[in-house]
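Sequence order for the protein chains is A and B.
Residue 1 is where the first sequence starts when you use the numbering used here, and the numbers rise one by one after that.
Residue 1 is where the second sequence starts when you use the numbering used here, and the numbers rise one by one after that.
Among the hints, erroneous ones may be present.
Derived Cβ-Cβ restraints for the label pairs, each shown as a range [unchecked claim]:
{"no.": "1", "chain 1": "A", "residue 1": "D350", "chain 2": "B", "residue 2": "G319", "range": "45 to 53 Å"}
{"no.": "2", "chain 1": "A", "residue 1": "E294", "chain 2": "B", "residue 2": "T241", "range": "51 to 59 Å"}
{"no.": "3", "chain 1": "A", "residue 1": "E354", "chain 2": "B", "residue 2": "E220", "range": "40 to 48 Å"}
If you are wondering where the hints come from, they were derived from the structure by calculation, not from laboratory data.
Positions of the beta carbon are idealized from the N, C-alpha and C atoms, including for glycine.
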Amino acid sequence: MTESFTPPPVATIRAVAPTAPILQIDELLNDRSIRVIVCCGAGGVGKTTAAAALALRAAENGRKAVVLTIDPARRLAQSLGLQALDNEPREVTGLVGEGSLHAMMLDMKRTFDEMVEAHADREKADTILHNPFYQALSSSFAGTQEYMAMEKLGQLRAASESGQGWDLIVVDTPPSRSALDFLDAPKRLGSFLDGRFIRILLMPARIGGKAYTRALSLGMGVFSSVLGKVLGASVLTDLQIFVAAFETLFGGFRERADKTYRTLQGADTRFLVVAAPERDALREASYFVERLAEEKMPLAGLVLNRVQAARLPSLSAGAALAAAQRLAPEQGTPTFNLLLLHADRSALADRQRELAKRFTTAHPGVPVMTVGALATDVHDLAGLRRIGEMMSGREEVDQPT
Amino acid sequence: MGTNRRIDVSPEVRLHVVSGKGGTGKTTVAAALALGLAARGKKVLLLEVEGRQGLAPLFDAASLSYSETRVALTPAGGEVHAVAVDVEQALLEYLEMFYNLRRAGSALRRMGAIDFATTVAPGLRDVLLTGKAIEAVKRMKDGHPVFDAVVLDAPPTGRVTRFLNVSSDVAGIARVGPIRAHADSVMGVLRSPRTAVHLVALLEEMPVQETLDAIESLREVDLPVGSIIVNMIRRPLLTDTELAAARLGVLDHDQVTEQLLQVLPPHTQPAAVVASALLAEAADHAMRVEQEDDQRLLLGRSGRPTVELPFLSSGIDLGALYELGELLCGSDD
């Protein structure tokens, strides 16, 4: 056995997208005029971890940060000291520096319940909260989570604007079937509220509106014959009670959703798209970049996460394989396998670089920062801190410890 | 062990539901499973329910519609038909099939009723989507089932139990009535041995944890868990001895340097520097392999059979799907 060796200085992996401007994470985090950072991207790319790492780094750079996570992995939640899903920001301890960090997990149902309670008198709130349709709507994942994430963001903003709260809100977005759902949620709510059907449903409550009489008889005829048959008559009653009770709240909800949506276009907000260097994730990232531009929402850049680090870029996959072949008669020593391993890693790094280049070709103005793949998952603040360092370009490749 | 088994492809299992955490490749696995069954001569229907059009590119189709389209014909005479189930269409079909109400259904759609009903009652949406899969399972022609098997590319693990547990969701809304009866009949098939819910995982901490959580929640509501499919496995490139040495940092640096001196092309960095980098890569690799082994053990403790699929560096095309399909289902024997 030999004595231990010192690994060579690690090569930079910033060159992954050579023509892309570099995303300067620290400039973003230290810019006091930026008060909201939204992390978005496809599921499974490390978005929640990235959001937590950004908030921690901002806090340790002196900001009063809060991170809203949607569905964090158990150990990530533990690393932030979040044991329970209680829908309130909790202070994270163990930070270095002057700033502070609060973290919370979104409780979709409780957020919805609180919104109802805040907008309706007690009796009406009770009617709504106990209605089976409300219960189905508020605890389902389809769309409600996105909308409640927006609502919670609105609340956090309001708290921070009151001056006592935070000066930076970092938001994780829900693991949607498509990353775009987050942007569409308030609009979907809007079109839902404007639907003709909802107005027809509400009519029995205001019979006498002459203009509606024809529509009413036509609508209710079809309505009762079909939905009554399909759902059963008691369901119809529940549905009407729900809609009638909800009606007065709709306006308020809608206004809030619109307002939150507009604040996302503001000068104090930045979006970060998180992607893994894989075709599907980058395709999703592309859509998102285009969508944000269309919606006039300010994009800070792309965090390309979990990139294969090249420790020895000067030895190509091909050269390593050729060298291994020259060694072939001497199998049994580790050198042969080490060269194959290097060839494999280099080939993967090459493919990822190619994918990143294509993204940059399509979106040349989008700043990019690459983050190396960690050998282990994040379990504690130290792990989050390291990801923050990698994101800011302070540490570029994972080192085995 | 439990590894390297096949998925249960016996004819009794008529509905294969495939779920997995985002990014684990569940759609690819669902397509490969359908093709693997077809390669054994079966006629298979493959359903997508999330409107993502994730299946179409795998079969070189521009997009899938609500009408069933044949996307593959195998040498064994099997077929894969694919369909993107749309909730509105499913409701219209349901109205027509059970109440002969297609035209009234169209009127409801124009009023936004269907959009409304499926938004305000998500359980209704799910029962329509799963109901479509069950309808395909039960569909008969000339006294024989039309499809030997149905493969459903289901929502991700975080949502799959709720998605499949339709009768409890609908029960919250409708205690009695036709839609409740429909949900109960759908549930009857989902809970029977005719169904298997397969979960796709990667050997990483989060996907494994989500898989274990999903198994637990599926079992709680008596939904039948099938196999765990561990996707994108990369075989260790070092021997066990080398991995152990790499982990401890005791691979022989001098020996590697010496051998590299003889084989490295000219103008590369000094052999000792290259050797150090290779050893550091080996240590990374060893750490990852060790972590994967831990995750494999965790999955094994669930007691479910596990099938491992390799990472295919050249990407996924039809040939790759056949290859994965054979690993999932075995070759025709």
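Here's how the hints hold up against the structure:
1. Checked against the hint of 45 to 53 Å, the pair D350(A) and G319(B) fails, with Cβ atoms roughly 22 Å apart.
2. Checked against the hint of 51 to 59 Å, the pair E294(A) and T241(B) passes, with Cβ atoms roughly 56 Å apart.
3. Distance hint for E354(A) and E220(B): a CB-CB separation of about 45 Å, consistent with the stated range 40 to 48 Å.
Of the numbered hints listed earlier, the single one contradicted by the structure is hint 1.
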